Amino acid sequence: MKKLLKGSIAAVVFGALAMTSMAVQADVIDDIKKRGVLKVGVKADYKPYGFRDPSGKIVGIEPELAQDVAKKLGVKVEFIPVVSSNRMQFLQQGKVDLMIATMTDKPARRKVVSIVDPNYYSSGTNILAPKKFGFKKWEDLRGKPVCGIQGAFYNKKTGKEFGAKIVAFKGTAEVYAALKAGNCVAFVYDDSSHVAKTKSKEWADYEMPLPTIDDAPWGLAVKLGETKFHEMMSGMIKDWHKSGRILALETKWGVENTPFAKAMNAKYK
Amino acid sequence: MNKPEYKTDLPVMLPPKAGVNGSFDFNLKPWHGLFLLGICVLTSTAAYTQADPVKAPPFEVLLRWMPLLLKGFMFNLIISVSAMGIGTLVGAALGLGQISLHPWLRKVSWFVTQFFRNSPWLVLLFFAMFLLPFELKIGGYTIPLPDWLKAIIGLSLPVMANVSEIVRGAIASLPSGQWEAAESLAFTRTQVLWRIILPQCVKRMLPPWMNLYSILTMATVLASIVGVSEVMTLTGQALSAEDGRTDLLLPFYSFILFLFFIYCYPIARWTVYLEQKFAVKT
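If you read the protein sequences in the order shown, they are chains G and X. Counted from 1, the first sequence has number 68 at position 68 by the numbering used here; the numbering is strictly sequential. Counted from 1, the second sequence has number 6 at position 6 by the numbering used here; the numbering is strictly sequential.
Okay, chain X solo, but in the shape it has when bound (with noise of 0.2 Å):
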């Protein structure tokens, strides 16, 4: 697994240099989320202050309402984090599916990858909530299915056909070579994939899978929409207990912006080193 290093002056040699030569070379940096946070405060006080002195300035109401958005806002990490869990295990099963020697089962977990891929979230997330009913039955027990379950459920679709994607793209990313070197070692199927292929597929698979999560993360807004109470959700209710006060909703959506920009914002970050560190040199 040694990558050869090319040492050499020649610029058609090196590899190609994003943003050197290109228009557009934009990387978030981490003050961008001290700019958000900016706005929030700004918004909430200096803009405001002329603001007649009846009503409570709005970082005041921002701040009085804090502790139940954060608390929505867990719950969308609850919901991103096992929506993850659930996706990747079922995606890589598919995954394997697709490059399964069986044709039927290459068949059929390609086309629940196509289908699950190439269907919009939010419809998928509304199958979920509408389909599935509010408590299941099964021999005489009654498993309750709550609204955050059925999301998890809803979201996890998705994640589970772009994960069988990204697994099935880093196996066939890997050059035939290895196949063919460890088949001519008498490996059994079982153990070329399990010992020699994937394990050079974890660290391919790993720089997508992070961002699959990071937009997932960001999705779990969408839950919203079908009725479970989390982050948005409150947000909606909170402005119309403090009677749909137009100055809140700037301080509010920021608020809820930064949010989201420091969780995802490291995973981002972390994601561009660890597609450095892998990335095959040419």
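With the rest of the complex left out, here is chain G (with noise of 0.2 Å):
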């Protein structure tokens, strides 16, 4: 209640100030600092990237990326959990003001929200399937029923291109129950999270069979048009490969350090 109460107070006040500036151009970069909290949307069902810990509190590689913006903004951070299908939307809607949320770097997405350059993460698309399939090449899963997150652009070419049935979940807890209880043969997602899996002694039995596709880098967003807030971003990316902050939130975080963390440090050292 009391927080509701804060909200709403920052929110008048915020709306009021809104509306006798509203001949200049807002800038959201004034707004958060007037608020004194920046609203992250961050995911909450992605480990290491975005999760849960038992009390509550959002973890993991990208919050860390996002309490980061908010100490050179002298802010407080705030993580709202976002999930594929709506992370745009929240975007737009100016209920977050910054996007890290493991989202892929699409031209149709550069059109809807503004993803900033250059990308401080990547990761290609594989399925993880019960070894006992034995997988060899992406055409063996057509026809076949792969599970898949609502929403994420994995499924795509997996059910276009080679024609498995897409089953889309809504979060990664429902796909791995789904996958053991055999509702699907596959899980298509992305690379990094795979391996991560494939590590852990309950998912022993399966495997990462296929060749990486669609390598593909992830973008971080904030709205369209926010191009002051747009470029402190992106400095603030180049920052991160340069200090190697993404390569030891990886190690952190318990993933092995990617090839494009590496090269992009190697770039901007």
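Keep in mind that the hints were calculated from the coordinates and are not lab data. If you're wondering where the values come from, they're calculated on a predicted model, not measured in any experiment. Please note: incorrect hints may appear among the correct ones.
Said to hold, decoys possible - Derived list of chain X stretches under chain G, where covered just means 3 residues or more per stretch with a C-beta under 8 Å from a C-beta of chain G:
hint, region
1, 77-86
2, 220-231
3, 236-246
The beta carbon of each residue, even a glycine, is placed where N, CA and C say it ideally should be.
Each of the two chains sits in its own frame; use the hints to bring them together as a complex.
Here you go:
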């Protein structure tokens, strides 16, 4: 209740300010500083990039990156859990100021939100499947049920080009359950997640058998038209690569250093 | 309001007794809740003791996440109570509108009631989620509309329509003699409604109203589909934080079942009690 009250007071003040400065192009950085809070859309079901700890806090690689941004702006950070199907809407609506939510950088998405260059991360598409099926090539999936996440771009190619029947779920927890229950023969998702999974004991009978395709960079995004914030984020990403922050975070959260992160580190050093 | 009591041994005069001759006579008893809890505990401990020792036993994991899940459940309760409150207030007005003497008011109320009563709850929830902006700007003031508020609005729409029907039905169920008698005593329509009809309706409406509340409480998990951080959403996130261990599914979801059961079951019992208390003896 107190939070709500505070929120509404802040919103009222913010609204009044917004009204007085209607003529001047509002800048989100000023808004964030006035508000004292940076609202970041992150995943809450994507270990280790963004997930909940038992206290309910959202932690992981991406929340830590968001923390860096808030620190630079000198404000507090507030994490808003997003899923693939609503993350861009949240940014458009202004519900979040910044979105770091494992989003693959696609030309179509650049028309909707302002994806910041250079890319901060990268991953490719692959499947997680039981070893007993012995999949060798993508074409083996034709006509078979394959689990995916609603709104994820990985589904498209697997479904269209390779003819797999995509069974889409809301979150990863549902998919892992469905995969183990045999509702689908494989889970199409990004390879970094699968690598982490195949290492855990729980998933020892599963493999990532196919060649990784569509190695695509991930983009963090701000709202379209927020050029100043965009530039600032661009600088931040370069700093992250230069200082090896991404590599350090990967190590901290138990991910093997990815070729992309290493290459970017070398490039900006 | 004294109901005649029939003192008789003739079987034909006795009220029908459910379950005596019927094939199906099953009532939920408190021990069924224990049964659910039993599943929860059993699946979390005994069945999995042979699992490798590296992994924490499921029950321990559940215990670790319990405070967060309970917080999420409180959120469900808040959503249900608020949606019920709003739905009841608006629905009662709508129900009275349905019996209004004003033809247009009656028709509009009827239409609104039927429309929302015959729409899937989830669809209404989606409408509320995606049609309402995340903040409202009214005359320079900005009112934030967080997700949970939208969920409350979305769920109060079907509740409103159902309450409207409950009110209309209760009024229609009263013998017309009540109206006629009151009118013959020169009460105005408003007086008849407020002093004679509605007081009699309240007790008729109570059991269906409580039923509706139980249903609403269980429907609050629908909000997980639209991304509100309630108990189901948090369960999903907790499960993915635990590396998608499938041995955790049963304990976690049984725990959620158990939470809803211990909350909704007393309401159901109380409803049965009230139904019996207010039953019209025939």
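Do the hints match the structure? See the list:
1. Counting residues of the region 77-86 of chain X whose CB lies closer than 8 Å to any CB of chain G gives 0, which falls below the minimum of 3, so the coverage claim is violated.
2. Three residues within the 8 Å Cβ limit are the bar, and the region 220-231 of chain X against chain G gives 3, so the coverage statement holds.
3. Only when three residues or more bring their CB closer than 8 Å to a CB of chain G does the claim for the region 236-246 of chain X stand; here the count is 10, and the claim holds.
In summary, the structure is inconsistent with hint 1 from the numbered list given earlier, while agreeing with all the others.
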